[in-house]
Amino acid sequence: MNEQILVELLYQLADDELVAGHRASEWLGLAPHFEEDIAFASIAQDEIGHATAFYRLLEELGQGKADDLAFLRPAAERRNAVLLERPNGAGTYLENPAFDWGFTVARALVYDLFDTVRLEVLTRSAYEPLAQLAAKIRREERYHLLHHTTWFKRLATGTDESRRRLQAGLERVWPEVGGLFALGFVPTGDIFPATITDLVDRWTAELSPLFDSVGLAWPSGQIMRPPVGLDGRRGQHASDLEELLATMSEVYRTAPGAAW
Amino acid sequence: MSEEKPLFNVYEVFVQKDHGSPHVWVGSVDAGSPDDALLMARENFLRRETAVSIWVVRQQDVHRTDYEDRDFFARESDKQYRMLSGYNKSNAEKWRKYKKSLLDLEKDFVKD
Chain B
23 MNEQILVELL
33 YQLADDELVA
43 GHRASEWLGL
53 APHFEEDIAF
63 ASIAQDEIGH
73 ATAFYRLLEE
83 LGQGKADDLA
93 FLRPAAERRN
103 AVLLERPNGA
113 GTYLENPAFD
123 WGFTVARALV
133 YDLFDTVRLE
143 VLTRSAYEPL
153 AQLAAKIRRE
163 ERYHLLHHTT
173 WFKRLATGTD
183 ESRRRLQAGL
193 ERVWPEVGGL
203 FALGFVPTGD
213 IFPATITDLV
223 DRWTAELSPL
233 FDSVGLAWPS
243 GQIMRPPVGL
253 DGRRGQHASD
263 LEELLATMSE
273 VYRTAPGAAW
Chain X
6 MSEEKPLFNV
16 YEVFVQKDHG
26 SPHVWVGSVD
36 AGSPDDALLM
46 ARENFLRRET
56 AVSIWVVRQQ
66 DVHRTDYEDR
76 DFFARESDKQ
86 YRMLSGYNKS
96 NAEKWRKYKK
106 SLLDLEKDFV
116 KD
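For the record, the sequence lines run as chains B and X. Note that my numbering has the first sequence beginning at 23, numbered continuously upward. Note that my numbering has the second sequence beginning at 6, numbered continuously upward.
Worth flagging that the hints you see were computed from the coordinates, not collected in a lab. Any given hint might turn out to be false.
Among chain X residues calculated to face chain B with C-beta under 10 Å, some are [as the list claims (entries may be wrong)]:
1) 12
2) 43
3) 49
4) 54
5) 56
Just so it is clear, CB atoms sit at the ideal spot from N, CA and C, and this is done for glycine as well.
For reference, chain B alone in the conformation it holds in the complex (with noise of 0.2 Å):
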């Protein structure tokens, strides 16, 4: 087994959630009503404590601490989707958020579909402990799923506001998602046993009903690749992920050595 393969792939799977998981802690205090507030909060732990377990991962494989992994690497080293950094909306959390929530919705629907079909991937991976971590991940991921599910279709079949607000989401999400499925280094293999037409496919084979159900057309635009120079399993990334990085953080690089 090639361990740089491997390397490169549980970085692609940490920083996914780590990212996903940080944009999704900023509602916090800001979700459109309590209850909501509560079960998206859960969701963003649960994000990261999927990265953690992916972190960890890297840890055993002789990579660095764990938490160093996650807090003290740069942009450039990071192998998250683009689509995954992108703010919430406007402003910042402590600043005037105008976060949007069709946006918002339209990317952890189409994140998470994706990470659901890449964890099946996974399950069967030649990598023991990635395998069994996997198929635990992905218990929790269904949960997640139906949650973006049913919001989705809460704004597709609401009010003539919600199902714009959603459609606008849609097309701010859409040119990025390719880059869900760039696999940057790693080659389809034993490790990961998949290619990308594969993950397309699969991924657009439970999308597409469900565009069908709530009478959303499929948008258009290709999502094979990437958008040209924001391949972030490459490491190209947008401002926006130094944004973010500096914020995450800001108190763990206040003291290094501490134990929280």
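Once you have looked at the hints, place chain X on chain B.
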């Protein structure tokens, strides 16, 4: 929208902790649909606890008594006989006597 329906409704939440237990009311959530209500109930009431089943019921579908209507619950005459505590020592004594009399009857019957 053809009819005036609120977008959100209050749902009462009932949780069953294990298969042998009844569903117990735990509180309520505000939600846009029954499906949403189940999700919200799971997150808001089962963040730490585990369960095997959740029921949600739209609050307005719950029919209730009126607190003012005290007569509905009137219990003026002696209903002691419906209570377990109504069956005390003297009852046990009566039962013993009765059973004994049955046995005596049986004896007489055999003699004949």
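Hints, verified against the model:
1. For residue 12 of chain X, the interface hint holds, since its Cβ comes within 10 Å of a Cβ in chain B; the closest pair sits about 7 Å apart.
2. Here the hint on residue 43 of chain X is kept, as its CB sits about 9 Å from the closest CB of chain B, short of 10 Å.
3. For residue 49 of chain X, the interface hint holds, the least distance from its beta-carbon to any beta-carbon of chain B being 5 Å, beneath 10 Å.
4. At a threshold of 10 Å, the smallest CB-CB gap from residue 54 of chain X to chain B is about 13 Å, leaving the interface hint violated.
5. Residue-level restraint check for residue 56 of chain X is violated (minimum Cβ-Cβ distance to chain B is 13 Å; threshold 10 Å).
This entry does not satisfy hints 4, 5, going by the numbered hints stated previously.
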